[in-house]
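Given chain R, put chain H in place with the hints provided.
Going down the list, the sequences are from chains R and H. Per numbering that gives the first Met the number 0, the first sequence runs over residues 0 to 400. Per numbering that gives the first Met the number 0, the second sequence runs over residues 0 to 196.
Watch out, some of these pointers could steer you wrong.
As the list claims (entries may be wrong) - Partial list, computed: chain R residues near chain H (C-beta under 10 Å):
(1) Phe88
(2) Val89
(3) Leu92
(4) Pro136
(5) Phe142
(6) Ser148
(7) Ala175
(8) Leu198
Unchecked claim - Over the 10 Å line for every Cβ pair with chain R, so calculated as not near, a few chain H residues:
(9) Ala16
(10) Ala62
(11) Pro86
(12) Ser99
What the hints contain is simulated information worked out from the structure, not anything from laboratory work. Note that this is a predicted model, so its numbers are computed, not measured. Even glycine gets a Cβ: it sits at the ideal position worked out from N, Cα and C.
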Amino acid sequence: MMILGTDPLLSGNVDLTVVLIVLMKVGIAFAFLLVAVMLMIWFERKLISDMQNRIGPSVAGPWGILQTLADGIKLFFKEDLIPERSDRFVFKLAPYLSLIPAFLVFAIVPIGGDFRNDNGGVVTWFGHETLVQVADPPIGVLFFLATSSIAVYGVMLAGWSSGSKYPLLGAVRSSAQMISYEAALGLSIATVFLMSGTLSTNGIVSEQSTWNWNLVTTGVVPFIIFVIAGTAELNRPPFDLVEAEQELVGGFHTEYSALRFALFFLAEFMNVITMSAIAVTLFLGGPNGPILIEAIPWIWPPIWFFLKVGVFLFVFVWLRATLPRLRYDQLMDLGWKILIPASLGWFLLIAALNIANDQGWQSWIVILVGLTVISVGALALMAAVRKAKIQRASQAFEEAN
Amino acid sequence: MELAVFIICSAIVLSGALGVLIANNPVHAALFLVETLFGIAVLFILLDATFLAAVQVVVYAGAIVILFLFVIMLLGVDRAEDLGIEPISGQRPLTIVIGSSILGLILTTLLISVSGPTGTSSSVSEVSLGGTNTKNLGGTLFHDHLFAVELTALLLTVAIVGAITLARRLKGPLQPLPVLETINDEESLPEDNEDVE
Chain R
0 MMILGTDPLL SGNVDLTVVL IVLMKVGIAF AFLLVAVMLM IWFERKLISD
50 MQNRIGPSVA GPWGILQTLA DGIKLFFKED LIPERSDRFV FKLAPYLSLI
100 PAFLVFAIVP IGGDFRNDNG GVVTWFGHET LVQVADPPIG VLFFLATSSI
150 AVYGVMLAGW SSGSKYPLLG AVRSSAQMIS YEAALGLSIA TVFLMSGTLS
200 TNGIVSEQST WNWNLVTTGV VPFIIFVIAG TAELNRPPFD LVEAEQELVG
250 GFHTEYSALR FALFFLAEFM NVITMSAIAV TLFLGGPNGP ILIEAIPWIW
300 PPIWFFLKVG VFLFVFVWLR ATLPRLRYDQ LMDLGWKILI PASLGWFLLI
350 AALNIANDQG WQSWIVILVG LTVISVGALA LMAAVRKAKI QRASQAFEEA
400 N
Chain H
0 MELAVFIICS AIVLSGALGV LIANNPVHAA LFLVETLFGI AVLFILLDAT
50 FLAAVQVVVY AGAIVILFLF VIMLLGVDRA EDLGIEPISG QRPLTIVIGS
100 SILGLILTTL LISVSGPTGT SSSVSEVSLG GTNTKNLGGT LFHDHLFAVE
150 LTALLLTVAI VGAITLARRL KGPLQPLPVL ETINDEESLP EDNEDVE
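Just chain H, with the same shape it has in the complex:
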């Protein structure tokens, strides 16, 4: 039963990953990515990591890929592209070399360290610690690995501040303000904004 679920999910994950590479249209590629993420979520459930499965769907499928799609639609690059052009020369062969070496690295590590799939469930699952998956995960994160969590939080905050600083760079004429009556300091604003109110 578990093996069957594993095989079906792996097929879904791998076909999704292949689809991301092959699809010509960026929107289709993003949808294939969702397929892969869903397959991984089911694999998490198979490992008793139910909380991770839910978070996988909420965060990755629900927020990150949506943002990908949002950007694709907003920038208007949502049509099939000519993939014959190589922006950096020698890009393709280099990709093949790097990609296959990373794959080889992961596979060798896996085979040496655990010699194949272990079949054991998540280390924070109900089975191994008692208590629910969510509680165990929270305990592990905020008790044993608190420093790493705080560091990650700091990193994310820095990333947000950086993104806002970059995005706030103003170009061209400014848009008229939507709400003008709240600012009393400026009395002589352009007259044509009256009708906005």
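Bound conformation, chain R alone:
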């Protein structure tokens, strides 16, 4: 059965050692995510404080690094409130619906492994060949899209089941936002599939092992779209309308307290980390990088991976500290009228180039024709939007008089 993917560990005889290796991988991924979230929350608070000329957390541990742990313990002992008008079962279910997808996504991310010389990331642990990722399903990145579409339920049901108006408004906003940007996200990933010819994360990373990162081979545009749509999917600033404090108190988690609130918080930051990890896997070659010291070759792929993820995390915090929140109509305009057409157009261009390669056509002619078609389409779209706006304005003007 190919369901479990291409991991050589599971293709042979499954004995006790194999089971223990799988359990160890799961344990490491779980523990890593929890520790990473703890550090990420501290990192974000500290970095934002630095950018805003404040000190930030400084009491618990050196440089306040244990602040998140202290907050977690505090939240654990707080009173757990369930609003009287809430839907009790759904109210209790919702935090887990956002937390579990956040955990699951990390299972498909290769965080290490030897990808040199078409090795396919295979390493040998305890006499068994295996991949440095929990699972490598053949549907690969589609699994990521599936889990991120499940994560919408957590936010949506939390808002609805609270039985209160601000959470409901936050939930309706968030579901519209996440569905809109999921389309752009999926379309930008589709170009990666086109270049790599596979859905499996391990395959995508293997394809990029000779410095031909997808960032370059897909031509930067899908990467930019992915990062913007990913930020919106994470409900991070400048797309954090879901929990816009000035308008919605706390958004979908207004009524949540104590441990359940902590679970939402955990899921949110975990999603930031997994989204960065997926971006690194898809566009920046995952754990690929030069082996600097030949004596310990196995330690370099994880180092490169975490360095790349770290850059992403820094950028996410940087965005939050810098950009003001978008207005709702700007958010929808950006998603539907810019990102989706752009990613579709780029996808067609890359597909045409691939066919040109196969057929032996001149690639510059294909690029020229493709760009002409895309710009004509873009101009037609812009003209249509402008026309609609003018028409609406004149109608409103007549209405007012």
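Showing chain H alone in chain R's frame:
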């Protein structure tokens, strides 16, 4: 092993379907629908149709039921309803007749044509064609059944255009425009929109 997975998934699918019918609250019914869709996704995996399983979750659970919930929440019908009223008289008995006849039709067709579950995996799986499931499916769709795919695409486009035409019908006074500075053709717009900028 496969039989066990099949039985568990069938139980999940059927209990979800029953839940959709029984639940009083529309939101709960939608959640039961998600349960059914998940069970079907696992059944797809059991048949080696991994791509369909993923698409099942992404499209049905991730988009369609979310839109159901979205509409339910937006319209504010998200509370238990009195199901004693019959909007069309004779609706209930008719439902029973039609429902049971469709069930009978499907069951007879299944029993006559294949005499029970076949246990064979999907016709585009790795096992039957070689190559990955996704590649086989893409090849089948865009090579052997291209005309049907294009027709479906056309149908969907028509549906989208129709939906937009219906939704764009304007009722009542228009909302003030959020962005006014981009329109230079209208110079004498109402003054009170100044502060929006």
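**Prompt:** Close enough to count: is the Cβ of Leu92 of chain R nearer than 10 Å to one in chain H?
**Reply:** holds (9 Å)
**Hint check, Ala175 of chain R versus chain H [nearest Cβ-Cβ separation less than 10 Å]** = holds (7 Å)
**Message:** Checking hints one by one. Is Leu198 of chain R an interface residue toward chain H, by the C-beta closer than 10 Å rule?
**Reply:** holds (6 Å)
**Asked** Hint check: is the beta carbon of Phe88 of chain R less than 10 Å from a beta carbon of chain H?
**Response** holds (9 Å)
**Request:** Closer than 10 Å between Cβ atoms is the bar; does Phe142 of chain R clear it against chain H? Give me holds or violated.
**Result:** At 6 Å from the nearest chain H Cβ, Phe142 of chain R passes the 10 Å test, so the hint holds.
**Message:** Hint Val89 of chain R vs chain H: min CB-CB distance below 10 Å?
**Reply:** Val89 of chain R check passes; min Cβ-Cβ to chain H is 7 Å, inside 10 Å.
**Message:** Would the non-interface assignment of Pro86 of chain H survive a Cβ cutoff of 10 Å against chain R?
**Reply:** Correct as stated: the minimum Cβ-Cβ distance to chain R is 26 Å, above 10 Å.
**Beyond 10 Å from each Cβ of chain R, as asserted for Ala16 of chain H** = holds (19 Å)
**Prompt:** When the nearest CB of chain H is found for Ser148 of chain R, is that gap smaller than 10 Å?
**Reply:** It holds, given that the least Cβ distance between Ser148 of chain R and chain H is near 2 Å, below 10 Å.
**Asked** So is Ser99 of chain H really clear of chain R, every C-beta pair being over 10 Å apart?
**Response** holds (32 Å)
**Message:** Next item in the hint list is Pro136 of chain R. Is there a CB on chain H closer than 10 Å to its CB?
**Reply:** holds (7 Å)
**Message:** Minimum C-beta separation from Ala62 of chain H to chain R exceeding 10 Å: can you confirm that?
**Reply:** violated (6 Å)
In terms of the numbered hints stated before, the structure departs from hint 10 and from no other.
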